[in-house]
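Hey, can you work out the whole structure from these sequences and the hints?
Residue numbers (my numbering), protein chains in the order written: chain X, 33 to 108; chain D, 132 to 472.
Treat the hints loosely; a few may be bogus.
20 Å max Cα-Cα, derived SDA-like pairs, lysine to any residue [stated by the list, open to error]:
| hint | chain 1 | residue 1 | chain 2 | residue 2 |
| --- | --- | --- | --- | --- |
| 1 | D | LYS469 | D | SER398 |
| 2 | X | LYS93 | D | GLU460 |
| 3 | X | LYS43 | D | LEU308 |
Okay, the calculated beta carbon distance ranges per label pair [stated by the list, open to error]:
| hint | chain 1 | residue 1 | chain 2 | residue 2 | range |
| --- | --- | --- | --- | --- | --- |
| 4 | X | PHE73 | D | GLU303 | 19 to 25 Å |
| 5 | D | HIS255 | X | ASP88 | 56 to 62 Å |
| 6 | D | SER223 | X | LYS76 | 22 to 28 Å |
| 7 | X | MET33 | D | VAL463 | 28 to 34 Å |
| 8 | X | LYS76 | D | LYS381 | 39 to 45 Å |
Beyond 12 Å from chain X on every Cβ pair, some chain D residues (computed) [what the hints assert, rightly or not]:
| hint | residue |
| --- | --- |
| 9 | GLU156 |
| 10 | VAL166 |
| 11 | MET187 |
| 12 | GLU218 |
| 13 | ILE226 |
| 14 | PHE239 |
| 15 | HIS248 |
| 16 | ILE273 |
| 17 | VAL289 |
| 18 | SER362 |
| 19 | GLU379 |
| 20 | LYS380 |
| 21 | LYS381 |
| 22 | LEU423 |
For the record, the hints were derived by calculation from the structure and aren't laboratory data. Ideal Cβ placement from N, Cα and C applies to all residues, glycine included.
Residues per chain are reported as follows:
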Amino acid sequence: MKEKIRKFLGKFFDESSVQDGDNIFEKGLVNSLFAMQLVTFIEKEFDISILNQELDIENFKSINAICSLVQSKIDG
Amino acid sequence: MKQQKIKCVIWDLDHTIWQGVLLEEQEVALLPGVVDVIKELDKRGILQSISSKNDMETAKSKLEEFGLWEYFIYPQINWNSKSVSVEIIAKSINIGIDTLAFVDDQEFELEEVSFSHPEVLCIHADKISQILRMERMNPTYITENSVIRRKLYQNDIVRNQLEQEFQGTKEEFLRTLALQMKIERAKETDLQRMEELTVRTHQLNSTGYVYSYEELKELISSDQHIVLVTSLRDKYGEYGKIGLALIEKKEKMYELKLLLMSCRVMSKGVGNILLNYIINETRIAGKQLRALFVPSNKNRIMYITYKFSGFHEVDTTEDLITLEADMREERVLPDYVKLID
Numbered sequence: 033m034k035e036k037i038r039k040f041l042g043k044f045f046d047e048s049s050v051q052d053g054d055n056i057f058e059k060g061l062v063n064s065l066f067a068m069q070l071v072t073f074i075e076k077e078f079d080i081s082i083l084n085q086e087l088d089i090e091n092f093k094s095i096n097a098i099c100s101l102v103q104s105k106i107d108g
Numbered sequence: 132m133k134q135q136k137i138k139c140v141i142w143d144l145d146h147t148i149w150q151g152v153l154l155e156e157q158e159v160a161l162l163p164g165v166v167d168v169i170k171e172l173d174k175r176g177i178l179q180s181i182s183s184k185n186d187m188e189t190a191k192s193k194l195e196e197f198g199l200w201e202y203f204i205y206p207q208i209n210w211n212s213k214s215v216s217v218e219i220i221a222k223s224i225n226i227g228i229d230t231l232a233f234v235d236d237q238e239f240e241l242e243e244v245s246f247s248h249p250e251v252l253c254i255h256a257d258k259i260s261q262i263l264r265m266e267r268m269n270p271t272y273i274t275e276n277s278v279i280r281r282k283l284y285q286n287d288i289v290r291n292q293l294e295q296e297f298q299g300t301k302e303e304f305l306r307t308l309a310l311q312m313k314i315e316r317a318k319e320t321d322l323q324r325m326e327e328l329t330v331r332t333h334q335l336n337s338t339g340y341v342y343s344y345e346e347l348k349e350l351i352s353s354d355q356h357i358v359l360v361t362s363l364r365d366k367y368g369e370y371g372k373i374g375l376a377l378i379e380k381k382e383k384m385y386e387l388k389l390l391l392m393s394c395r396v397m398s399k400g401v402g403n404i405l406l407n408y409i410i411n412e413t414r415i416a417g418k419q420l421r422a423l424f425v426p427s428n429k430n431r432i433m434y435i436t437y438k439f440s441g442f443h444e445v446d447t448t449e450d451l452i453t454l455e456a457d458m459r460e461e462r463v464l465p466d467y468v469k470l471i472d
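Encoded structure:
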């Protein structure tokens, strides 16, 4: 899961220096299109739909945060 | 249902723009009046393209010789069926197929396009002299953006090509553009373009509220409101006026009633810059910022923008969400865009 997310992030910025726990939004590129594409990518890739209340930057700020959101959705 | 104004006219070449068949004759002559129609449509901000079964290089050099090549974007000069060309053009420009017109001298081609795309306005080449008088060929407003619209799209084509060829990340590419953004109070000369933006923009649009020219005019002179317009340029040229924000000053807070940004600039991150700029200005005024959001089937990206910019919901009804910004810290604006006065 981490590898898939990493590969996606690599299209937007150099992810090789990012640790799993690092805040990706502090790396600069917070824009609407990136945020939208990130959410859409996660929904498609892991076949889940993210609710409004889950659309919180806390759930997307790092690779670890994204993984735990996805995991909790898969586990239901 | 009201018919859409035409945003793009697609031209055939042989027997439509010039007399004769280019590949069979040494010399072809322009048909009288066609050039005037092409130039006038261009002035009105109506885009133009080509769908012609021809040899690309031969047709291109002939059009260059006539001084017409630059008027057409995404020309489809090939042996595809014209219904396919029409579809490619609509997708490339990113406009609805019901805003296209197609001009050809052959009944067969007109019917072929009409059959696949009944929404396209098909015009026989006999009727070219009537085009400029058609109601759908007369935009409600001709704004400063309309006059340069073709140029704006041509700039986008160059940028998109460069972005595809660029070896590096998106962020690195944005840096190479040397973007300059201007945020200013709306003036009366901006009103038509603003009304046009509220009608044309659907994705990065927080509430979809449409304001008429008169309403906007009242708002810009009201001391209870702040109306901002945004323009953008980079080293390849202007993007024009691409965003707007409408803020109502309430007693303890500012309420952001409408935030919108043209789809053409979505990948440049300027929507977030405008939003952060507004947060910073509201902080300076010592107020709290709230934003309204009306969900539609196209604007989820706007909701995500608010949430990822530190807004949280404070009031939610079925068709209206009110969000409140985190005002604790001044927002840092990214350094790949320069804010200019």
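Outcome of the hint check:
At roughly 16 Å between alpha-carbon atoms, LYS469 (chain D) and SER398 (chain D) fall within 20 Å of each other, so this suggested pair holds. A hinted pair counts as satisfied when its Cα atoms are at most 20 Å apart, and LYS93 (chain X) with GLU460 (chain D) qualifies at roughly 18 Å. Taking the CA atoms of LYS43 (chain X) and LEU308 (chain D), the gap is near 18 Å; set against the 20 Å cutoff, the hint holds. For PHE73 (chain X) and GLU303 (chain D), the hinted distance range of 19 to 25 Å is satisfied, since their beta carbons lie about 20 Å from each other.
Hint check: HIS255 (chain D) to ASP88 (chain X), Cβ distance near 57 Å, so the stated range 56 to 62 Å holds. Between SER223 (chain D) and LYS76 (chain X) the Cβ separation comes to about 24 Å, which falls inside the hinted range of 22 to 28 Å. Our hint of 28 to 34 Å for MET33 (chain X) and VAL463 (chain D) holds, since their Cβ atoms are close to 31 Å apart. For the pair LYS76 (chain X) and LYS381 (chain D), the supplied restraint of 39 to 45 Å holds, since their beta-carbon distance comes to about 40 Å.
With 12 Å as the threshold on Cβ separation, the claim that GLU156 (chain D) sits away from chain X holds: the shortest Cβ distance comes to roughly 49 Å. Remark: the non-interface label on VAL166 (chain D) is consistent with the geometry, its nearest Cβ contact in chain X lying 40 Å away (cut-off 12 Å). Once the 12 Å rule is applied to beta carbons, MET187 (chain D) is consistent with being away from chain X; the minimum gap is 32 Å. Distance check on GLU218 (chain D): its Cβ is at least 24 Å (rounded) from any Cβ of chain X, clearing the 12 Å threshold; non-interface status holds.
Non-interface status of ILE226 (chain D) relative to chain X is upheld: no Cβ of that chain comes within 12 Å, the nearest being about 19 Å off. No beta-carbon of chain X comes within 12 Å of the beta-carbon of PHE239 (chain D); the shortest separation is about 42 Å. Its beta-carbon lying about 28 Å from the closest one in chain X, HIS248 (chain D) satisfies the requirement of being farther than 12 Å from that chain. The beta carbon of ILE273 (chain D) sits about 30 Å from the closest Cβ of chain X, which is more than 12 Å, so the claim that it is off the interface holds.
The beta carbon of VAL289 (chain D) is kept farther than 12 Å from every beta carbon of chain X, the shortest such distance being approximately 20 Å. At roughly 18 Å from the closest C-beta of chain X, the C-beta of SER362 (chain D) stays outside 12 Å, upholding its exclusion from the interface. Listed as outside the interface, GLU379 (chain D) is consistent with that label: its C-beta sits roughly 23 Å from the nearest C-beta of chain X, beyond the 12 Å cut-off. In this structure LYS380 (chain D) is separated from chain X by more than 12 Å, as the shortest Cβ-Cβ distance comes to about 26 Å.
Listed as a non-interface residue, LYS381 (chain D) keeps its Cβ farther than 12 Å from every Cβ of chain X; the least gap is roughly 25 Å. Here LEU423 (chain D) stays apart from chain X, with its beta-carbon at least about 15 Å from theirs, past the 12 Å limit.
Checked against the numbered hints given earlier, the structure satisfies every one of them.
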